[in-house]
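Asker: Letter by letter, the chains look like this.
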Amino acid sequence: MIFFKRTLPLIVAFTFGIVAIVLYFIPHQAAQTAFTQLVNWDRIIAAFALLIGIHSLVRMHWRKIEHKQAGWAYSAILIAALVLTLAIGLYNDGMWFWNKRESAGALPWIYDYVFKPAGATMFSVLAFFIASAAYRTFRARTVPAALLLTAAVITMLGQVPLGRLISHWFPDISLWLMMVPNAAVKRGILLGVALGVISTSLRIIFGIERAYLGGD
Amino acid sequence: MQKAPVTERLLSLDRRWIFLLVLIFALGALVIEVDLPIVASQPVQDMYDQIERLQKLEASRASIPAEQQAALRSTLLISMDYDPASKPELEPMSLGIITHALCNGVKVVGMTLNQHGQDLGERVMQRAAKACNADYGRDWAYLGFKPGGATLIINMGQDFHDAYNQDYRGTSTKSLEVTRNITSLNSFGYVVSVASSVFWEQWVIFGQARYNFVYGTGVAGVLAPDVFPFMQTGQVKGLLGGLVGAAEFESLIKRPGTATAGMRPQSAVHLLIVLLVIFGNTMYFLDRRRKRRSMRPGGGS
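From first to last, the protein sequence lines are chains A and B.
Quick note on numbering: the first sequence equals residues 1221 to 1436 in the working numbering.
Quick note on numbering: the second sequence equals residues 912 to 1212 in the working numbering.
Next up, chain A with everything else stripped away, as it sits in the complex (with noise of 0.2 angstroms):
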């Protein structure tokens, strides 16, 4: 069994993350098709990965059902609403899942009226939180803080019509904080992450990672 749990995976991690890297860098004809085919099959994994997330998603929230933990029924709702959604996009409008999706009937309903205005409300209940979170905590304590705040006071300001009927410098100053400062840390930053992603890159090839592989 350890053959199929970790041998196995990590010969084909290995090896497929050795032949991708490789054929990236080769721009032969023969090399670019079977790096297209590599592609094609990512792709097909990535569809199976959804089937994986509803199966995690599902057995996590069971749990919580089960054992009537703090919040059990927003578990049972998220379990009745994934249900139901798809039963609905199954049915299809009575054209049933084989065929083209239809573009009238519960699932668009659903779209338009459930999750279009429950994602909208969540993000600008954003404004908010940020206007009583910068009331309570931006404060000026030390000298970086006082720099810290001065800068996104002007960058606020310059962001929005209301700075340049101020003044022409707030868009102008904010523009400059974004192209030099905010630019060059975010560069390093960059610089940092992608180092980070190559070196987890290899481990994960090496064999060295092998969280991905789970628990037991």
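Hints were generated in silico from the structure; no laboratory data involved.
Errors might be hidden in some of the hints.
What the hints assert, rightly or not - Keeping only pairs whose Cα atoms sit at most 27 angstroms apart, straight-line, the calculated DSSO-like set for lysine-lysine is: (1) B:Lys967 / B:Lys1085; (2) B:Lys1041 / A:Lys1336; (3) B:Lys1148 / A:Lys1406.
Stated by the list, open to error - Label-pair distances were calculated between CB atoms; the ranges are: (4) B:Val950 / A:Ala1431: 29 to 37 angstroms; (5) A:Gly1237 / B:Ser1086: 34 to 42 angstroms; (6) B:Ser1083 / A:Ala1300: 34 to 42 angstroms.
Ideal Cβ positions, reconstructed from N, Cα and C, are used throughout, including at glycine.
Dock chain B against the given chain A, drawing on the hints supplied.
Answerer: Structure of chain B alone, referenced to chain A:
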């Protein structure tokens, strides 16, 4: 029981008062009409210029031989990589870009990397096409969603028709006039990702860097600072950052829409936050001075 000093009470103000203020400022700004100066910044102007470039290329189509027309690279690819949560901020960008392109004769191909954005993308394209009297298949096409993200981008760069052999309606992309001559991402004159997450960056890393097409992006305001390093390297040509970016684009194309309308409440709430920060800090320093005074010998209770 002794009452807490005013500064201390104001510092621990119930957050519901702040919520109420946000509501008042936002609603007030919607009611009170003020003309705000919306002037396009350079990154927004860059995106506008890129679409103008495509328009000029498209206008020259009739004057070049038919066999060279396939290599004209005048088609715009727009990937609407956002979901309903960020629709109010990002949809005006998509609508502005597509409308401007279609109404000026630029062919547009739409798609999405976000599974929740499939219907949003289609509706935006339909609205723009209706406004510009553009025909499906000849002037525009919508490819819809396919899973994969980064690998889909690579796949499109390798072989466009292999990645998308059908459009959203199930028609072969080889039979549509607008996509017939597209072989790779490199066949597009300009690629734009309107994104609320890391998708804009995936287009740079896995698309622009490898296939070297001209690329621009429209992102949620919170993501805009991340784009600037890529603008300096020339990998991103054109940026619409947040609702203000969309409003600036609307002002350039002279089609004021929801982004322009949103500038008043957004300005008002930004102003409120700045006032709250100033007020909060004033209270903080007054309170700190009061506490220091009271700690001195004979400084009161």
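Asker: Compare the structure with each hint and give your call.
Answerer: Going down the list of hints, with the structure as the test:
A C-alpha spacing of about 25 angstroms is found between lysine 967 (chain B) and lysine 1085 (chain B), which places the hinted pair at or below 27 angstroms, so the restraint holds. With a CA separation close to 23 angstroms, the supplied pair lysine 1041 (chain B) and lysine 1336 (chain A) stays within the 27 angstroms bound. For the proposed pair lysine 1148 (chain B) and lysine 1406 (chain A), the alpha carbon gap of about 18 angstroms is at most 27 angstroms, so the pair holds. In this structure the hint that valine 950 (chain B) and alanine 1431 (chain A) lie 29 to 37 angstroms apart at CB is violated, the actual value being about 50 angstroms.
At about 38 angstroms, the beta-carbon gap between glycine 1237 (chain A) and serine 1086 (chain B) stays in the expected band of 34 to 42 angstroms. In this structure the supplied range 34 to 42 angstroms holds for serine 1083 (chain B) paired with alanine 1300 (chain A), their Cβ-Cβ distance being about 40 angstroms.
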